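Visitor: Please model the entire structure based on the sequences and the hints provided.
Going line by line, the protein sequences match chains W and Y.
Just so we're aligned: the first sequence equals residues 39 to 442 in the numbering used here.
Just so we're aligned: the second sequence equals residues 39 to 442 in the numbering used here.
In short, the hints are calculated from the structure, not lab data.
Only a predicted model underlies this, so the values are computations on that prediction, with no experimental measurement involved.
Be careful, since some hints might not be right.
Since copy identity is lost for identical chains, a pair holds within one copy or between any two.
Capping the alpha-carbon separation at 35 Å, the derived lysine-lysine pairs in DSBU-like fashion look like this [unchecked claim]:
| id | residue 1 | residue 2 |
| --- | --- | --- |
| 1 | Lys-429 | Lys-380 |
| 2 | Lys-361 | Lys-440 |
| 3 | Lys-320 | Lys-285 |
| 4 | Lys-322 | Lys-100 |
| 5 | Lys-100 | Lys-429 |
| 6 | Lys-380 | Lys-100 |
| 7 | Lys-122 | Lys-395 |
| 8 | Lys-429 | Lys-361 |
Number of protein chains: 2
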Amino acid sequence: MADEKTGGNMVIAQSGGPTMVINQSLVGAVLEAKKHKEIKGIYGARHGIEGVLREDFIDLRKERPATLEQVANTPSSALGSVRKKPTPEDCKQIFQVLRRYDVRYFFYIGGNDSADTAHIIHEQAVKGHYDLTCFHICKTIDNDLRENDHTPGFGSGARFVAQAFMGDNLDNRALLGVKINVIMGRHAGFLTASAALARQYADDGPHLIYLPERPFHVDHFVQDVKAVYEKLGRCVVAVSEGISDAKGTPIAAAFTNEVDAHGNVQLSGTGALGDCLVNLIKGKSNITRVRADTFGYLQRSFAGLVSPVDAREARASAIFAVKTAVQNISGSVAIKRQPGKKYGVTYECVPLASVAKETRHMPDKFITPAGNDVTRAFIEYAQPLVGPLPKMGRFRCIPVKKVI
Amino acid sequence: MADEKTGGNMVIAQSGGPTMVINQSLVGAVLEAKKHKEIKGIYGARHGIEGVLREDFIDLRKERPATLEQVANTPSSALGSVRKKPTPEDCKQIFQVLRRYDVRYFFYIGGNDSADTAHIIHEQAVKGHYDLTCFHICKTIDNDLRENDHTPGFGSGARFVAQAFMGDNLDNRALLGVKINVIMGRHAGFLTASAALARQYADDGPHLIYLPERPFHVDHFVQDVKAVYEKLGRCVVAVSEGISDAKGTPIAAAFTNEVDAHGNVQLSGTGALGDCLVNLIKGKSNITRVRADTFGYLQRSFAGLVSPVDAREARASAIFAVKTAVQNISGSVAIKRQPGKKYGVTYECVPLASVAKETRHMPDKFITPAGNDVTRAFIEYAQPLVGPLPKMGRFRCIPVKKVI
Chain W
39 MADEKTGGNM VIAQSGGPTM VINQSLVGAV LEAKKHKEIK GIYGARHGIE
89 GVLREDFIDL RKERPATLEQ VANTPSSALG SVRKKPTPED CKQIFQVLRR
139 YDVRYFFYIG GNDSADTAHI IHEQAVKGHY DLTCFHICKT IDNDLRENDH
189 TPGFGSGARF VAQAFMGDNL DNRALLGVKI NVIMGRHAGF LTASAALARQ
239 YADDGPHLIY LPERPFHVDH FVQDVKAVYE KLGRCVVAVS EGISDAKGTP
289 IAAAFTNEVD AHGNVQLSGT GALGDCLVNL IKGKSNITRV RADTFGYLQR
339 SFAGLVSPVD AREARASAIF AVKTAVQNIS GSVAIKRQPG KKYGVTYECV
389 PLASVAKETR HMPDKFITPA GNDVTRAFIE YAQPLVGPLP KMGRFRCIPV
439 KKVI
Chain Y
39 MADEKTGGNM VIAQSGGPTM VINQSLVGAV LEAKKHKEIK GIYGARHGIE
89 GVLREDFIDL RKERPATLEQ VANTPSSALG SVRKKPTPED CKQIFQVLRR
139 YDVRYFFYIG GNDSADTAHI IHEQAVKGHY DLTCFHICKT IDNDLRENDH
189 TPGFGSGARF VAQAFMGDNL DNRALLGVKI NVIMGRHAGF LTASAALARQ
239 YADDGPHLIY LPERPFHVDH FVQDVKAVYE KLGRCVVAVS EGISDAKGTP
289 IAAAFTNEVD AHGNVQLSGT GALGDCLVNL IKGKSNITRV RADTFGYLQR
339 SFAGLVSPVD AREARASAIF AVKTAVQNIS GSVAIKRQPG KKYGVTYECV
389 PLASVAKETR HMPDKFITPA GNDVTRAFIE YAQPLVGPLP KMGRFRCIPV
439 KKVI
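Guide: Structure representation (structure tokens):
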């Protein structure tokens, strides 16, 4: 067994919902790890902590450089993922496995639940006087991790949402009616809000945006939609899957009884919320063409579409994590935005506990007072994370003089 | 009024569901029309024949070249679209308007219903001894027009579906379970079948493909899914929105009572079919993680994603239509594939009646005998229409020797 001075092996794993750039983080960490002689074996655990429990490790040193780069540019978690809240018994066992494999560096790429897992394992190691550096590398399309200006995965998800709304706004402009799109984001509305990046002309949709940060009132929703429809003859709406009533009960909860390992109600992978909102509008107005789409898993795993900034930062944050970890410092890598007009970020190490469990919400300054749209401040915040978007053409539409 | 020798004005309009390249056809026609002195005014009717009935024309000669190019690269119908089956009374009125505006060239970009409309108007003109050249320019993501090897719009829709499945297959590989994706295509399964283009490794999804060309048996479906799941621990399924039972009743018809102007049951803009299939699998197996996404309008209007071949052919077919029309020939432009290994097409003028109304289905040679997958012949047919797809990276996965 290697002692503290000579280092030891490293385990890296991925957890929670995949993103389009989560493999950039994985590959960034592997490539950086290869540069540090303290790190001996570079093991990938398959399906997160499940792979640790099952001793299902792959040797990432044996992957060719070209494969690593190709995987980096591939969406979804190449090591497999898991949604598992480890019990105290699991954590004990994970720690035992890591110890037996002489693992001195443990990297967990994931959201706030994953940060919590890394935190618990780290606490076990401290208690057991075992020198294990635990690092959490952020990812989440929801963009809801504390301590971070934004998180890897969000920019690409937001790019997908923006491009989808650009096209869908034009689809709705061509065929009119009401179109409702349901977007991921259980507690935080960042991804739903990104739909606003699609706007290029004054009458472009989304015309209304409903976020989990504000209570959803059915009557207000119907009134809002009617008002836009009366003005434009059409209405495009962005709705977060996590919209909840004044009591905090998700509107979607009425249609599902499935709950995940973390106690969260299943919101994705069903079109029920969208369909319910369609029926609401149809029932309370005389608008006949009302449609809903639920973007579902496409917005986190679509192949061949990333925000270049997001890809770069996902890799850079993992490189920062490895560089910090080899100094025997545990923590979570947080992205901070540099002040000033020009976009730039720095990476910082923050305590695992500060990122674990809790959710970051959209700040008030990003939401309009009426609660059904985002502000200019949000657009300025999100634009650099998504990168330049395609420009939509539009005719000047000079009318031909009527004859009849 | 211009007589036959000196030509006259041109009207162009778009109809039916938008596509990602329908504006390439529009702009191709406008640019070509400018080259022919027989064509005087170039008028765009807004929202298809509705715009003709309302005399809602815009002057396309007054659009700047840069705008035209930008519009060509913008998804959805820039002139607006319509789903309207004109009554005999409407057709009479349309013909009257065209006559009063001295329109000698009428171009209608759309599917088989639009070809039918162009056909009826042309018959009226012949009956009224009015010299009106009527041309139908194909578009449909469904790829279901007779006389055509394929139709503009399909390649880009298929590209979206393929890229979506590439990512979603990896999402499912990371988190396991059963994933069902519902794809557009009322009577023809081409777009659903394109999901097969996503496969790059032997175990890649979609593992099962259900098309409207084969009766959908609930029991077979459940058995198929269970068999794949038992083998791989996961299963990705592509399902056409138009799947129907042995009697020809759409499975989705149970969840909707909305019917469009052409008598078609509304299939898109609802997640009900996907949710029903999820509940079927959950109820008849002990698989717990079962999800569905309905791709909806994204697959026809997504911004910033086209098949380059599709964009080129959409423009070229409109140019061919205008060149033919100025010779006072009415008809529909059909894309024929050149024989031989190297992909190439020719454009032909076919009678309006030969494209109108009827639907082209997937030929038997494209469907496996079991009816739940496509053949190699389909892949070879579709690949060149979609263009090169992103390569998905995958680790070699050399296991680390177990210690415990």
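Visitor: Hint by hint, say whether it matches the structure.
Guide: The hints, checked one at a time:
For the homomeric pair Lys-429 and Lys-380, the shortest alpha-carbon distances inside one copy (22 Å) and between copies (34 Å) are both at most 35 Å. In this assembly of identical chains, the alpha carbons of Lys-361 and Lys-440 lie at most 35 Å apart only when taken from different copies (28 Å versus 71 Å within one copy). When the C-alpha separation of Lys-320 and Lys-285 is checked against a cutoff of 35 Å, the pair qualifies both within a copy, at 25 Å, and between copies, at 31 Å. For a Cα distance limit of 35 Å, the shortest separation of Lys-322 from Lys-100 qualifies neither inside one copy, at 61 Å, nor across copies, at 42 Å.
Taking the shortest Cα distances, Lys-100 and Lys-429 sit within 35 Å of each other only across copies (21 Å), while inside one copy they are farther apart (43 Å). When the C-alpha separation of Lys-380 and Lys-100 is checked against a cutoff of 35 Å, the pair qualifies neither within a copy, at 40 Å, nor between copies, at 39 Å. Proximity of Lys-122 and Lys-395 under a CA criterion of 35 Å is satisfied intra-copy only: 13 Å inside one chain copy versus 53 Å between copies. In this homomeric assembly, Lys-429 and Lys-361 come within 35 Å of each other (Cα to Cα) only across copies, at 30 Å, whereas the closest approach inside a single copy is 40 Å.
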